[in-house]
Amino acid sequence: MADSSLNPPAPSWSWASVKGIILPFDDKKIDVPLVDILSVETQPSNGDPFGQLCGGSLTLDGVLFEFPHISEMLLDHRNFRQKPSYNGDALALDDCGVDDYGSLDTWFLPLAVSSAASKHQDLNICGIILQKATGTSEIATYTRIGRAVVSHEGDIAGTGWLLRDWIPRPWSRDCYQTIEIV
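Going by my numbering, the sequence shown opens with residue 1, and the numbers climb by one from there.
Here are the computed distance ranges between Cβ atoms for each label pair:
#1 S172 x E138: 20 to 26 Å
#2 G51 x R173: 38 to 44 Å
#3 P49 x D122: 39 to 45 Å
#4 P44 x L162: 37 to 43 Å
#5 I37 x S172: 15 to 21 Å
#6 T134 x P68: 17 to 23 Å
#7 K119 x N46: 42 to 48 Å
#8 G51 x C175: 37 to 43 Å
These are computed hints drawn from the structure, not numbers from a lab. Note that beta-carbon positions come from the ideal geometry of N, C-alpha and C, so glycine has one too.
Please model the entire structure based on the sequences and the hints provided.
Below you can see the structure in the form of structure tokens.
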């Protein structure tokens, strides 16, 4: 769960913004990276590089896919979590309710293929869930609101919900775009 009460707030992509346990991810479990990291910038408070963060950004080249509206998914949550194919560990939102996200447009950014991502063999494309950030920037700017694991057919966490504009891998370089996550 993201802690929006931090003063100053940490970047949404940073572990520093998470209120709760942090689960480590072993990079040896990445079979295929799906994004190119262009830059990472952090803004430490009071100039202390080991202290609190007051901002930052992560700039990537990746392929964005339209994610279902969070409000629609949460209303149907009881139905899909009872499916035998549903993997509860493969979908996590940083906050806990419809009011946190409303019906804003939401996107999925695949980060890597990982054979260890899920107990279900076909759920192995790991990524983050994003919404557009407010402000002006030359490139598209987003805030991370959660994470998900999808199948090669675009099924989200085995729920039966599909990424609306999903195209199977490999993706053409024309599909990639530069985005910034704050």
